[in-house]
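Since chain X is already given, all that's left is putting chain D on it; use the hints.
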Amino acid sequence: MNINDMTFKFAGEAGQGVESTGQGFTKALVRAGLHIFGLQDYHSRIRGGHNFYQIRVADHDIYSHDQRVHVLLPLTQVAVHEHLCEIVPGGGVIYDPALSIDESTLTAQSVQAFPVPLEQIAVDEGGNKLMANTAATGAAAGLTGLDLESVSGVIRDNFGKKGGPIVDSNLKVATAAYEFTRNKYASSFPFQLQGRYSVPPLGGKQAPPRMVISGNDALAMGALMAGVKFVAGYPMTPGSPILEWLSVRSKEYGIVTKHAEDEIAAINMIIGAGQMGVRALTTTSGGGFSLMVEALGLAGMTEVPIVVVNVQRPGPATGHATRHEQADLLFMIYAAQGEFPRVILAPGSIEQCFEAAYRAFNLAEKYQCPALILSDAFLAHSPRALEMDALDLNVPIERGALLSDEDLDRLSGPYLRHAVTESGISPRALPGHPKAVYPISSDEHEPDGHICEDAATRIEQMDKRMRKLETARAEMRAPLVYGSPEAELTFLTWGSTLGPLRSAVDVLSEQGTAARIVQIMDIWPLPVDKVTAALQGAKKLIAVEQNYSGQLATLVRAYTGIKVDALIRRYDGRPMSPEYILNQLKGVR
Amino acid sequence: MVELKDYASPVRPTWCPGCGNFGIWNALKKALAESGLAPHQVMLVSGIGCGSKLPDYTTANGFLTLHGRTLAVATGVRLANHGLKVICTHGDGDGYGEGGNHFVSAVRRNIGIVDIVQNNRVYGLTKGQYSPTSPQGFVTRTSPEGAIEQMLHPLAVALAAGGTFLSRGWSGDIEHLVWLMKEALQHRGYALVNVLQPCVSFNRMYSYDWLRPRVYKVQDEPGYDPSDRAAAFVKAQEWGERIPIGILYRTEDVPAYEEKVPALEAGPLVKQPLRTKTAQEYELLKQEYV
Chain X
1 MNINDMTFKF
11 AGEAGQGVES
21 TGQGFTKALV
31 RAGLHIFGLQ
41 DYHSRIRGGH
51 NFYQIRVADH
61 DIYSHDQRVH
71 VLLPLTQVAV
81 HEHLCEIVPG
91 GGVIYDPALS
101 IDESTLTAQS
111 VQAFPVPLEQ
121 IAVDEGGNKL
131 MANTAATGAA
141 AGLTGLDLES
151 VSGVIRDNFG
161 KKGGPIVDSN
171 LKVATAAYEF
181 TRNKYASSFP
191 FQLQGRYSVP
201 PLGGKQAPPR
211 MVISGNDALA
221 MGALMAGVKF
231 VAGYPMTPGS
241 PILEWLSVRS
251 KEYGIVTKHA
261 EDEIAAINMI
271 IGAGQMGVRA
281 LTTTSGGGFS
291 LMVEALGLAG
301 MTEVPIVVVN
311 VQRPGPATGH
321 ATRHEQADLL
331 FMIYAAQGEF
341 PRVILAPGSI
351 EQCFEAAYRA
361 FNLAEKYQCP
371 ALILSDAFLA
381 HSPRALEMDA
391 LDLNVPIERG
401 ALLSDEDLDR
411 LSGPYLRHAV
421 TESGISPRAL
431 PGHPKAVYPI
441 SSDEHEPDGH
451 ICEDAATRIE
461 QMDKRMRKLE
471 TARAEMRAPL
481 VYGSPEAELT
491 FLTWGSTLGP
501 LRSAVDVLSE
511 QGTAARIVQI
521 MDIWPLPVDK
531 VTAALQGAKK
541 LIAVEQNYSG
551 QLATLVRAYT
561 GIKVDALIRR
571 YDGRPMSPEY
581 ILNQLKGVR
Chain D
1 MVELKDYASP
11 VRPTWCPGCG
21 NFGIWNALKK
31 ALAESGLAPH
41 QVMLVSGIGC
51 GSKLPDYTTA
61 NGFLTLHGRT
71 LAVATGVRLA
81 NHGLKVICTH
91 GDGDGYGEGG
101 NHFVSAVRRN
111 IGIVDIVQNN
121 RVYGLTKGQY
131 SPTSPQGFVT
141 RTSPEGAIEQ
151 MLHPLAVALA
161 AGGTFLSRGW
171 SGDIEHLVWL
181 MKEALQHRGY
191 ALVNVLQPCV
201 SFNRMYSYDW
211 LRPRVYKVQD
221 EPGYDPSDRA
231 AAFVKAQEWG
241 ERIPIGILYR
251 TEDVPAYEEK
261 VPALEAGPLV
271 KQPLRTKTAQ
281 EYELLKQEYV
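Quick mapping for you: the protein sequence lines, in order, are chains X and D. Under our numbering, read the first sequence as residues 1 to 589, first letter to last. Under our numbering, read the second sequence as residues 1 to 290, first letter to last.
Chain X on its own, in the form it takes in the complex:
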């Protein structure tokens, strides 16, 4: 018997409710006190195709999915063909007999067949065959011993809005499917769940509440807590959920959100808003970011603080619209003509998404420049269970050298927006005060903001702006290090690859190989000394990146001179898994 270590996979066509079913079941697992990691996979289409929602369950915090599946819940025959090979021996498939699955193909792989008349139960108990998905969650719980009450609680929450009869029907469907599966199959299924806590109606102790949250939501929440007041964007997968999250809450929290006519408008709007003094953000993916590039230079030149989120997906061009890659790093660092300071944070976990969002606003205002957040599709969509205090909403707000009305009242001389200072940071007055009436310009300019073609002024202003980069560099945080410096292997990584890598390192450790991870989140300006120190003495240094060329390895070599010994990469649009990393490791060790 294997307890609390398994993966469920709901799979079917777009429009069949794979995602909502997976999400509901995820909540049920977490309410039972278990930890989860969710992986979503979908095609760029509204209907048809093949989607899945995979949930790994454990009784400790987990950072990644893995490739083994224990319970498959297919809604189509295709789903069985696609995923049968992933099911572990002794694992099972819960399916409606109406799908006409050939049981012998399952048993040939030592996979158990669990036919459950899901649609029949939905019709008989609920009066509606659309409740077959509810039946599937009931069956999944029944097979694996999850408290029915955990599933029922989620049904009550999810359908509560639609009124009593819908809730009652769904509860009846879930219960019937649960009983059917439990009575008929549970005793022969070797993978079982034992909630850490049973739920109160059964006399148990309430499980500690945990959030099931993914990177995009955490990032949006971090922006809200940082005081974002203006958000503009143009929908692009996988960046638009951040725009949606803030839009649906805009009225309640006093935010202006604008679905702009295009990405160029979106970034120019936030530059306008940023200059007026509000915290402003835009969110997109690589394609949209490509359109924003000229304006990024405008923010750099005019020293307007803005926050730009790029949730990466595979490129170039449309690439893989709904899939995953980390190939925009070098582009983000160098995007736009000319040279100007910018800050780039690349979160690798859900907690770091939250943190990157509020820090980006502080850094943008402090250094009066664009602050970019480099997230990715895997991080954006993959939920994990977090403790309630994992996101501390009381975030620090630092607005940098921002002059108050009182400061400006006392001003005796003319106000110089781009005053030359040692740090490169010029005290900032917001337009609207009679003592600080000034222009800013995308042209090179004098300290007072007026256009200027003088060579000496050009040098002075370039030097001033670029000094901010060095001032910022001192503040950039050291890489995050997991594991001992004595480790035989050191993995260098960034972004969401951190999760699968942490799981891989755990496996290596069980096998007796000590490994550690150096993750760079504060990626630009690269804190060269801190990165060098973190990598110093690495016995074997291996970069693990979701791109073709090893962009972080390139960056680190360019600025520290440290060359990685090997590169593990992936660029097929599918996120790395621990198994993938361990397999690739065999080739480079």
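Worth flagging that the hints you see were computed from the coordinates, not collected in a lab. Hints are not guaranteed to be accurate.
Unchecked claim - Listed next, the in silico DSSO-like pairs over lysine-lysine satisfying Cα-Cα at most 27 Å (straight line):
no., chain 1, residue 1, chain 2, residue 2
1, X, K435, D, K260
2, D, K217, X, K161
3, X, K539, X, K563
4, X, K435, D, K30
5, X, K586, X, K540
6, X, K435, D, K5
7, X, K540, X, K530
8, D, K85, D, K271
9, D, K182, D, K127
10, X, K129, X, K172
11, D, K260, D, K277
12, X, K162, X, K172
13, D, K286, X, K162
14, X, K251, D, K277
15, X, K129, X, K162
16, D, K271, X, K435
17, D, K182, D, K5
18, D, K182, D, K286
19, D, K182, D, K277
20, X, K530, X, K464
21, X, K251, X, K162
22, D, K85, D, K260
23, X, K464, X, K435
24, D, K277, X, K435
25, X, K162, X, K184
26, X, K184, X, K161
27, X, K251, D, K30
28, D, K286, X, K251
29, X, K251, D, K85
30, D, K271, X, K251
31, X, K172, X, K184
32, D, K271, D, K260
33, X, K161, D, K30
34, X, K129, X, K161
Predicted, not measured: the structure shown is a model, and the values here were computed from it.
Chain D only, in chain X's frame:
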């Protein structure tokens, strides 16, 4: 009391002698002063082009942005601080060419911006190429056989997009232009002031002498009603021997975009606190995920 000299700047214009931009610039300063707006209450947003240098020559808050992006930046400015009067000054290439999508979108939104388009029907700063408002057949360095595209009728486009204040001025009649700008400054929502101006260096064809006898004031036309949308659509396309100037269409019945945004009911965004809720209220956000 605001005076014209409050807008004076020590920075001198680099426009060619005789450029239509001088007239537009003087009219704007006069219109602002006569409207009682002080320089710190005004935000001038421009793009790139000869006319777009106007904010650099004027004492007022200013933002010289990128070519074509004037209205997008100005939209962000207005939504972040609708306590300021936001005025765009940019050319026909900036406004109707590179910025065409922003133009139609700004009109549709009815955002509270006065949009002064310095329309000389040519690209001047890049030394003479045809623009969206150049006539068919216009010969320039990029249209050596004459422009093939039809010329754009910006007022007609704006009317089709739901424009609420559509006007045309001309840089040879300052008094009329001042009046027009003052009316635009009073408008609720997006006000287009499309100003015909000669480019004395690169558009010799459409000179003061060509324009002066053709323009006529639409308000002098017997029976012309600027609230008649169908009539305005005809006038907006009248071009040739007679060119109407003045307010071709106006309605004050449509709310400005910023009037409809819930978060702006509490006043200009920049004056509002970064966080509007208590710590406990924010904690409820987490409950959505349990």
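Hint check results:
1. Under the criterion of a C-alpha separation no larger than 27 Å, the hint pairing K435 of chain X with K260 of chain D is inconsistent with the structure, at around 32 Å.
2. Between K217 of chain D and K161 of chain X the CA atoms are separated by roughly 61 Å; this puts the pair beyond 27 Å, and the hint is violated.
3. A distance of roughly 12 Å separates the Cα atoms of K539 of chain X and K563 of chain X; the hinted pair therefore holds under the 27 Å criterion.
4. About 22 Å separates the Cα atoms of K435 of chain X and K30 of chain D, which keeps this hinted pair within 27 Å; it holds.
5. This hinted pair checks out: K586 of chain X and K540 of chain X have alpha carbons roughly 14 Å apart, not beyond 27 Å.
6. For the proposed pair K435 of chain X and K5 of chain D, the alpha carbon gap of about 16 Å is at most 27 Å, so the pair holds.
7. Taking the CA atoms of K540 of chain X and K530 of chain X, the gap is about 19 Å. The hint holds against a cut of 27 Å.
8. A threshold of 27 Å between alpha carbons decides the hint, and for K85 of chain D with K271 of chain D the separation of about 16 Å falls inside it, so the pair holds.
9. A threshold of 27 Å between alpha carbons decides the hint, and for K182 of chain D with K127 of chain D the separation of about 32 Å lies outside it, so the pair is violated.
10. Taken as a hint, the K129 of chain X and K172 of chain X pair is honoured in the structure, with Cα atoms around 13 Å apart against an allowance of 27 Å.
11. For the hint pairing K260 of chain D with K277 of chain D, the CA-to-CA distance comes to about 22 Å; that is within 27 Å, so the pair holds.
12. Note on K162 of chain X and K172 of chain X: the hinted pairing holds, with a Cα-Cα distance of about 16 Å set against a maximum of 27 Å.
13. At roughly 23 Å between alpha-carbon atoms, K286 of chain D and K162 of chain X fall within 27 Å of each other, so this suggested pair holds.
14. Restraint check for K251 of chain X and K277 of chain D: satisfied, since their Cα atoms lie roughly 12 Å apart, inside the 27 Å limit.
15. Between the alpha carbons of K129 of chain X and K162 of chain X the distance comes to roughly 17 Å, so the proposed pair stays at or under 27 Å and holds.
16. As the CA atoms of K271 of chain D and K435 of chain X are separated by approximately 18 Å, the hinted pair is consistent with the 27 Å bound.
17. Distance check on the hinted pair: K182 of chain D and K5 of chain D sit about 18 Å apart at the alpha-carbon level, within 27 Å; holds.
18. Note on K182 of chain D and K286 of chain D: the hinted pairing is violated, with a Cα-Cα distance of about 51 Å set against a maximum of 27 Å.
19. Restraint check for K182 of chain D and K277 of chain D: not satisfied, since their Cα atoms lie roughly 40 Å apart, outside the 27 Å limit.
20. For the hint pairing K530 of chain X with K464 of chain X, the CA-to-CA distance comes to about 24 Å; that is within 27 Å, so the pair holds.
21. For the proposed pair K251 of chain X and K162 of chain X, the alpha carbon gap of about 24 Å is at most 27 Å, so the pair holds.
22. The suggested pairing of K85 of chain D with K260 of chain D holds, with an alpha-carbon distance near 18 Å, which does not exceed 27 Å.
23. Of the pairs offered as hints, the one joining K464 of chain X and K435 of chain X holds, with about 24 Å between alpha carbons and a cut-off of 27 Å not exceeded.
24. With a C-alpha separation of about 33 Å, the suggested pair K277 of chain D and K435 of chain X falls outside the 27 Å cut-off, and the hint is violated.
25. Between K162 of chain X and K184 of chain X the CA atoms are separated by roughly 32 Å; this puts the pair beyond 27 Å, and the hint is violated.
26. Our distance criterion of 27 Å between C-alpha atoms is broken by K184 of chain X and K161 of chain X, whose separation comes to about 34 Å.
27. Restraint check: the Cα-Cα separation between K251 of chain X and K30 of chain D comes to about 39 Å, which exceeds 27 Å; the hinted pair is violated.
28. Restraint check for K286 of chain D and K251 of chain X: satisfied, since their Cα atoms lie roughly 18 Å apart, inside the 27 Å limit.
29. Restraint check for K251 of chain X and K85 of chain D: the C-alpha separation of about 24 Å stays at or below 27 Å, so the hint holds.
30. Of the supplied pair hints, the one linking K271 of chain D and K251 of chain X holds, its CA atoms being roughly 16 Å apart against a limit of 27 Å.
31. Distance restraint check for K172 of chain X and K184 of chain X: the Cα-Cα separation of roughly 18 Å lies within the 27 Å cut-off, and the hinted pair is therefore satisfied.
32. Between the alpha carbons of K271 of chain D and K260 of chain D the distance comes to roughly 18 Å, so the proposed pair stays at or under 27 Å and holds.
33. Simply put, K161 of chain X and K30 of chain D have alpha-carbon atoms about 59 Å apart, too far for the 27 Å limit, and the pair is violated.
34. Between K129 of chain X and K161 of chain X the CA atoms are separated by roughly 20 Å; this keeps the pair inside 27 Å, and the hint holds.
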